Each structure stands twice: as structure tokens, then as C-alpha cells.
Amino acid sequence: MRTLARFASALLVALALLSGASAATGSAKASIEGPVESVLSILRDPKYAKGAPALREEQFKKIREIIGGLFDYEEICARAAGKNWAGFTPAQKTAFTDAFTELLSNTYIRKIQSNFHSEKVVFLSEEALPNGRASVRTRVVREGGDVPVDYNLNVKGGNWRIYDIHVEGVSLIQNYRSQFSQILLKESPDQLIERIRKRNKEEPKQ
Amino acid sequence: MPFGRREGRRRLLLSAALGALTVAVAARSAPANPSLEGTEPAGRVAPALPEGSPAAEEPVEPRPAPPGLPAAEAPAAGAEASPEEAEEPEPPAVPDPLRGWNRLMFTVNDRLYFWVLKPVARGYKAVTPAPLRIGLKNFFHNLATPVRFLNNALQGKVRGAGIELGSFMINSTLGLFGLLDWTGSDPELQVPDEDTGQTLGRWGIGPGLYVVWPLFGPSTLRDTVGMVADWNLDPVVYVEPRAAFGINTGRKVNDLSFRLGDYESLKEAAIDPYEAVRDAYLQYRAGQIEK
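The listed protein sequences correspond, in order, to chains A and B.
Heads up, the first sequence stops at 206 in this note's numbering, and the numbers go up one at a time, no gaps.
Heads up, the second sequence stops at 291 in this note's numbering, and the numbers go up one at a time, no gaps.
Careful, some of the hints might be misleading.
As the list claims (entries may be wrong) - Here are a few chain A residues that face chain B, going by a calculated C-beta distance under 7 Å:
1. Gln59
2. Lys61
3. Gln113
4. His117
5. Ser118
Stated by the list, open to error - List of simulated lysine-lysine pairs, DSSO-like, C-alpha gap at most 30 Å:
6. A/Lys47 with B/Lys125
7. A/Lys186 with A/Lys120
8. A/Lys186 with B/Lys267
9. B/Lys137 with A/Lys198
10. B/Lys267 with B/Lys157
11. A/Lys29 with A/Lys156
12. B/Lys157 with A/Lys111
13. B/Lys267 with A/Lys93
14. B/Lys157 with A/Lys201
15. B/Lys267 with A/Lys201
16. B/Lys252 with A/Lys62
17. A/Lys61 with B/Lys267
18. A/Lys62 with A/Lys47
19. B/Lys118 with A/Lys120
20. A/Lys186 with B/Lys157
21. A/Lys198 with B/Lys267
22. A/Lys201 with B/Lys118
23. A/Lys61 with B/Lys252
24. B/Lys157 with A/Lys62
25. B/Lys252 with A/Lys29
26. A/Lys120 with A/Lys93
As the list claims (entries may be wrong) - Calculated from the model, a selection of chain B residues having no Cβ within reach of chain A, i.e. all distances over 12 Å:
27. Ala153
28. Val237
29. Tyr238
30. Ala280
31. Tyr284
These are computed hints drawn from the structure, not numbers from a lab.
This one's a predicted model, so the numbers in the text were calculated from it and none came from an experiment.
Cβ atoms here follow ideal geometry from the backbone N, Cα and C, with glycine treated the same way.
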């Protein structure tokens, strides 16, 4: 009887550990569903509608805080630089990562801030990819037709992290890779980094 | 019968253009490089090599090939350097020997968009209620059913062809000549839009080369042939040419009223907008052909 009880409790502990382990990763879909919903609710918040620049900035920072941790920047940069990445010095890699990360968060967050028209996001399905990666399919519902948006994720440090986004089947990272590889045909990595920095300094147009 | 004569001339022109371009495409893609077909690029082979294989490490990449030479495809083979990319083979490169012309036309279209199309579409959107715009969009979409029906059929997509035909019959009658889209909201009845460029792609014809047309924007040789064929499958081509131009301009402005800001987003996030649009177009078309 005693042994049975001990066995049962051991089993319980094992089960708890198991579920704990899987909770660390959980489903890829669940890991972005929550953050996307919070971003949408911030975008919908009437407090920020047509707000003063200070409020806009506050909204921007809130969104960046939520989605900042969702991305695997290391992988994103390596993929965007493509086969040229190996030729970057460590200093260039850091500079490129900083500049490119800023480009991504600035342009895209500011764009959805100014272009948000009460779109909804429907989470469709999750699909396993090779090497423990996953793809989460969503649709952005908006006036005049839906836009399919798929997220590719991998596991980094026990958490799902986005490393690519496909909009209408177009990979964002592949899109940057083709731009960067064209530029790197004629220019050095430093010049490319300078171009990205210059872009970051430009005022967002409406 | 001026109508008949004009029709005859148009058909002749079309078939001549089709013939010439198909030959050009076939000549370019078939012997030069089978990887243009996009199904089994050399990239798929790379991941099978031991990790970081020396071949892939090689920094020399004879990329800036002289215009039009098949060497422009070479990078597709070495592109799979990092093992993480194993699951997504890089799309085969589509040569861009007309880069000079294309960049110029890109600028022309860009100006046209910001100076003419966008202000017009904005003004139109401001004065036209959304239900009417959606109605018109549905109407034109319904009208272009022959393009999608025929190309579903030509690709052997029986279900797609059936859904297109059924939707056309329902929406043309119960949907008041297509103004209402009864089938569009049913997720079971969603099939990808097929066009002649996609059918040619399915049949194994490569994109040939990238080309930017004034007004019509990014395309490839194959998709240009497809576009001309699609025009002729669209009933609007059978009205008087000037009226057809007016109708198509209206259609374009109406469509644009739903997509204002999309081009701006792409352009502003890009470091090289020309290259960003080129890549987005080629990726988008490759994805459409696969579906």
C-alpha cells in the first residue's frame, strides 16, 4: 500500500514535470495569439485615437514592449543577410543587427499605428515544420478582402520566437535578403549598414 | 461591320504576340536552366551535404552575370549555405537583364501612383460609400469569371472550375449581376484566383525574365503573355476600346481604394524599393502557381 502511494506520487511529480516542460514551449499558436490580441487592443484603445505625438509615442513604446521579445533577431539577421553573413565581422554583425532591428520595429509598428482600420486577426492553424519549427497561419480581416499572414517560429531558450513572416505568401525576410544581396554585390557590409541607418533616420511619411 | 474587323485584328495581334513571346520564353528557360521551373531547384540538394560544406562557404559568387546569361541562375545553387534554411529552398533567381528599363519604368509607375492614381483613389474613396465600392469590386470580379474558370480547367482543377462556374451563376442572378457576392463569405467555396500566367507556369514554362511595364507594373515574360490572354478572356475587351479603357481605369481606381497604403508600406520598409517590389512580385507569383 505504501509503495503504491509512493509510486502514485512519483507518477504525479513526473507528470507535473512533463506538463511543466511542455508549458515552457506550449503551442506556437498560443505564444503569439496573446501578444497579437494585446497589440490589437492597444491599437483599438480610443485613448490613442488621433492622439498627441506624446500619446503616439507612448502607444509605440507599449507595442514595441509587447512584440519586442517575440522575435528571434539573431536568426532574422542571419537569414536576411543570407550567404553574405559569414563574411561580416563580429562588429559588423552587431551594427547590422541593431540597425536592421530598428528598421523592422520602427517601420512596421509606426505603419500599423497610422494605418490601423479596426482589422481583426483570425488564428487558423499551426503546422509543424522540420527541425522543430512551426508555422502559424492567420488571416487579417479587413475591408475589401482578407490577407493571409503566416508566422514561422522556432524555439529559442524554451520559448517560441518568430523568425519570418509571410504576407500573401511573400516572405519578408527573403524580400530583405534579395535587396541586401543586390546591394552587397557592389557595396561593403559597412555601406549596407549605413544605408539602413540612413533609412531609420528618415521621417515616417503619411 | 467595324466591330468584326477590329475583333479580327485584335485576335491576330494576340496570337502573334503569344507566339513570339512563348518562343522567347521557351528559348530562354528550357535549355538554359531547368531550375527556372521552380519545382526542384538545385538548392534542395544542398542541405543533404555535410553541415557548412566547403562548397557552400565559398565567398566567390559569380553573381553579376552579364545581362541575359544563364549564369544569373547560379546563386540558387549556393544559396542554401546555412543549415537553418533547409526547409525553405530559395526561389530560383529570375534574370533581370532589362534592369535599366525596368528601374526607369519603376520610377515612372511610382510617380504615376503618387501623383495621379493615389489622389484619385483617395478622392473616390472619400465620396463613395463602402457598400458601393464593394459592390463594384464584386461586379468586376464576377465579370472576370471566364479568366478564372478557364484557367482552373486548363490546370485540371475540376473543383475550382466548378466553384467558379457555380459562383458565377448564383452571383449573376441572385447577386444582381454580380454586385453581391453570395459565395465569397463561405470558407468552403474559396478557391485561389487562377490566371493564364499561372497556367503557363503549371505547364512548366519558366518566368523568362523580369520586366516592368508602364501602367501595368511588374511582370515577367510569361506573365505578360498571360496578361494579354487574360484581357481577351475578360468581357470588357468586347466593348468599344475607349470605353474599355475607361472601365478598366475605373476598375483599377476602385480596387486601389481598398489597398491604399499597401504600396507605401512596402516601399517605406525597403532599403531598395525596386528590388523589394521585384522580389515581392516574383515570390507572390511563385506562390500562386504552387496553389
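So, going through the hints one by one against the coordinates:
1. Gln59: For A/Gln59, the interface hint is violated, since the closest Cβ of chain B sits about 18 Å away, which is over 7 Å.
2. Lys61: Violated, about 20 Å.
3. Gln113: Nearest chain B Cβ about 12 Å off; hint violated.
4. His117: 9 Å, violated
5. Ser118: With Cβ-Cβ at 13 Å, over 7 Å, it is violated.
6. A/Lys47 with B/Lys125: 27 Å, holds
7. A/Lys186 with A/Lys120: 42 Å, violated
8. A/Lys186 with B/Lys267: 21 Å, holds
9. B/Lys137 with A/Lys198: Given pair B/Lys137, A/Lys198 is violated - Cα atoms ~40 Å apart, limit 30 Å.
10. B/Lys267 with B/Lys157: 35 Å, violated
11. A/Lys29 with A/Lys156: Cα-Cα ~15 Å, so holds.
12. B/Lys157 with A/Lys111: Violated: B/Lys157 and A/Lys111 sit about 38 Å apart, past 30 Å.
13. B/Lys267 with A/Lys93: 25 Å, holds
14. B/Lys157 with A/Lys201: 49 Å, violated
15. B/Lys267 with A/Lys201: 15 Å, holds
16. B/Lys252 with A/Lys62: Violated, at about 38 Å.
17. A/Lys61 with B/Lys267: 23 Å, holds
18. A/Lys62 with A/Lys47: 13 Å, holds
19. B/Lys118 with A/Lys120: Holds, because 25 Å separates the two Cα atoms, which is no more than 30 Å.
20. A/Lys186 with B/Lys157: 45 Å, violated
21. A/Lys198 with B/Lys267: 15 Å, holds
22. A/Lys201 with B/Lys118: 25 Å, holds
23. A/Lys61 with B/Lys252: Answer violated: A/Lys61 to B/Lys252 is near 37 Å, above 30 Å.
24. B/Lys157 with A/Lys62: Violated - the C-alpha atoms of A/Lys62 and B/Lys157 are around 47 Å apart, more than 30 Å.
25. B/Lys252 with A/Lys29: 37 Å, violated
26. A/Lys120 with A/Lys93: Violated. A/Lys120 to A/Lys93 sits at ~36 Å, over the 30 Å cutoff.
27. Ala153: 23 Å, holds
28. Val237: 25 Å, holds
29. Tyr238: Correct as stated: the minimum Cβ-Cβ distance to chain A is 27 Å, above 12 Å.
30. Ala280: Not fine: 5 Å to the nearest Cβ puts B/Ala280 too close to chain A.
31. Tyr284: 5 Å, violated
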